[in-house]
Amino acid sequence: MHWKCFFLKISALTIAAVFSLIILSSIPALAQDNMDEVLSGFDDEGQTSGVQDTKEVDGIREDFDESTGQHTDVSDDVLSGFDEDRDVSTVQEEKQDRYGLPEWCDLSGSIALEGAYNLISHHAPPDEIDLKGLSRFRTEIDLETDLEISRVWQARISGKGYYDLAYEMRGRDNFSDEVLDENEVETELREIYLQGSPSTNLDLKVGRQIVPWGTSESLRVVDVLNPLDLREVGMVDIEDLRLPVTMTKLDYYLNNRWNVTGIAIHEIHFNKEAPFGSDFYPAETSLPDEEIPGCSMENQELAVALTGRLTGWDISFHGAWIYDDNWYLEASESGDVSRQHSRIAMLGATVQVVTGNWLFKTETAFLKGIQFSNISDEEKSRLDLLAGFEYSGFEETTITWELANRHIFDYDNRLGNPPDEVREDEIQSVLRITRDFLHDTLHLTILAPALDLFAQDGAFERIQMEHDWNDNISITLGAIFYQGGDKSLFEAIKDNDRIFMEFKYSF
Amino acid sequence: MNRRFLFRMIFCIAIIPVLIPSLALALTGREIMERVDARDDGDNMTAEQEMTLIDKKGHERIRRMNAYSKDKGRDSLRLMFFVSPADVKGTGFLTYDYYSGEKDDDQWLYLPELKKIKRIATSDKSSAFMGSDFSYADMTKRVLDEWKYKILKETEVRDKKCWLIEALPASKTIEDRYGYTKSWVFVRQDIYMVVRAVHWVKDGRKLKYFDTRRIEEIDGILIGTELNMKTVKNKKTLHRTVFRFHNVQFNQDIGEDLFTTRELEKGP
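Residue numbers (this note's numbering), protein chains in the order written: chain Y, 1 to 507; chain W, 1001 to 1268.
Incorrect hints may have been included.
[Unchecked claim] Here are some chain W residues pointing at chain Y (derived, C-beta under 8 Å): (1) 1061; (2) 1062; (3) 1071; (4) 1072; (5) 1119; (6) 1207; (7) 1253; (8) 1254; (9) 1257.
If you are wondering where the hints come from, they were derived from the structure by calculation, not from laboratory data. All values derive from a computational prediction rather than experimental measurement. Here a beta-carbon is modelled for each residue, glycine too, at the ideal position from N, C-alpha and C.
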C-alpha cells in the first residue's frame, strides 16, 4: 500500500518540479537590432522610465565617501558629465545607529511564528487524542551577538528559545509529560565561543561551536562531531539540525592551501530524539534511561583533520575517537536496562572535484567499535561510502544527489531485529533541488531522502517555497510527506504528513 | 635622382601630418578593446559595496558587502562578505578568477547558517549575481580572444566622445558561458573605459543596459563607483540594480593569505 502512495507522491512532486522548471525557463531570444531603438533604452540623468528612476537617482547619489584625501572626483575636469547629487545616508552612519550599540558589538537575530498542520488522522502512544490537526503554533526568537574584542580576537554568544502554543490549544492533558517537556518550551544557548589567532599560522576557537566535516549536504559519513536534533525528522530546519558542543579547536595553516585541525570535545552530548508520546516516537513504551559520560579527562572526544583546498578540487583526511551518537541497549548485572553509547574510532577521507557545472563528491569512513542492542557484548566495524554530485547548469538551479552505503563487517543476522534493525548494507540516498526565482526573492527547495535504493525502508519528501517579502521579512510555505517501510521508525511516522508555514522577521 | 622620384618623396613627407591623426582614428574594434583591457584598473583593492535591487514596482532591497581583490598575473583573487541584510549577513564568497576561459574558476561559499565552507561549480557565468541584474560574467573581465569586435560608429555619451563597438561571442560555448548573443559597448575615447553597454540576453528576449553613472579617480586609478544595470523586455524595465562602491582604496597591503578559506570562515 505504501508503495503505491509513495510513487503517487513522487510522481506528483516530479511533475510539479518539471512543470515549474519549464514554465520559468526562458524562451530563445529574438534580436532587437534597430540601433536607435536599442540605444534609446539608456536613462540620462534626470530622466524617468518604467522603474522609479527619480527616486533611484535621488536615492543613489549621496553615498560616496569623499572624506579621504585619496578620493579625487575628476568630474570637474575629465569627467564633468558624471557630476551628480548626493543625498542618502551612508553605510557608516547606519552602522553607528544600530540599536545604539558600540561598533565592537553586533547584535542580530530573528523572531518567527511557525505553524504546522497534520493532514492525516493518526495516534501516537499513549494514544490519547487524534493527532490530525494543529501540531505546531510556535513563536521562536533567535539572538546572536558578535563581539570584536581586538583585531585578532572575537567572541560570539547566541541562543534561541520558543514556546509552542499548540499544546495549550489542543489541551495539555492530552500529551505525555515527555512531549511537553521536550517540545512545548525550549530555551537553549547555542554557540558561545572565543576565537582568534595567537600566531600567524594558528587559529584557536574555544567554546560551544559547530564543526561540520565533509562534503555532503544531507548524509553523514565523516561528519561525526556534532550531534543532531532528530526530534521531528524532516521538520527541523537545516541551520538548527546540528547541535553545538563545547570543544577546543586548533587550526594550523601549513600554507594558503593546507591546514591541520586538532579538536578536543569536552562536552559529551548526543542526538535529541523524539520523546515518548510524540508522533515521531516509534515505540509503544518509553525508553530506558540514557547514560551520558561526564566531562572528565578520560571521556574527552578527540579529532584531527588535514584539509587541502586545491585548484579544481578539495581533499581532506579525518580521524576521530568519539562516542557514537546512536545508543544501544545494555542490561546490567542487576537486570536494569539502560541506553549506552559506544566509544568508536573513525578514519575517513573526502574528495570533491569541480568540472564545468558539475561538482562530484565522495566520502569514505571506517568506524571501529560500534555496539548494537542485540549483541551488546560485541563490537563491530563498518565502512561507509558516499558518492554524489551537484549540478548547477540550469538557470538559478542546483540539483544535488547523494548515495551512501554503510557496510557492517562480520554481520550477525540478529542485527536485523528491533531495536537495531540494521542490514549488512544500509543504503541511503538524498535528492535535493533548489531554485531561485524573481531575483532571489522566491526560493524553492525540494528534499527527498530515502532509505534503501528504492525507499523500501522508508522515505520522505519535503517541498517548500520561501518568499523574501523584503529585506527583513520572509514567509515560508511547505509540505512534507512520509512513506513507511521496513524500518519501524518510518512505518511509525508514515501518517505524519503535514503542511507548515513560517513568518520570520530578521534584524 | 629623377624628378618623378623627388616628387613622390615630397608628396610622402607632406602627407605625414595628415596621416598621423587618421591612423589614430583607424584603430580597429579589437585594438580599442585591447587598450581597454590594458588600462590600469588597480590592484590590491578594498571597498565597501552596496547593491540596490529595484523591482518594476519600485520596491528596493539593499545588500551591503565588504570586498577585497588582488591580481595574480592575469588572474584575480576576490573575497567578499555580505554585511547586511540579516538573512545573508556573514555569507562569504572566495573566488580565484582565472583569466583563461579554458580553466574553471575556483569558488567557495561560506554559509553562516550551516557554519560550512562549500565549494561551488561555476562554469556557467550567465546566472545572476545574488539576485541582481549583474551576472557573474558581468563582474569579471572579459577574455579578449573570446569575442569578435567591430566599430559601429563614433558617438557621444554625456558629451564625451565614444566608440560604439559591437562584440560578438567567438563561439557557441562562449555565448552559453556569458549568456549574451551580442553586446554593444561604449568606450570613452579619452580614457579607454567602457561606460555603457547593451547586452542581448540569450534567453528571454531581454536586453540589459549597463551604465556607469559615476567615475572617480582614486589613487590615480579611474574606477566606476556607481554602476547601473537594468533588464528590459519590450521596452519595459523589469528590474534594475544599482551597484555603488564606497571607501575604495587601491594598493593596500593585502597578501594572498587574505584570499583563503581560513579568512572566508572568519568572516568580515
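Can you name, in rising order, the numbers of the hints this structure does not satisfy?
3, 4, 7 and 8
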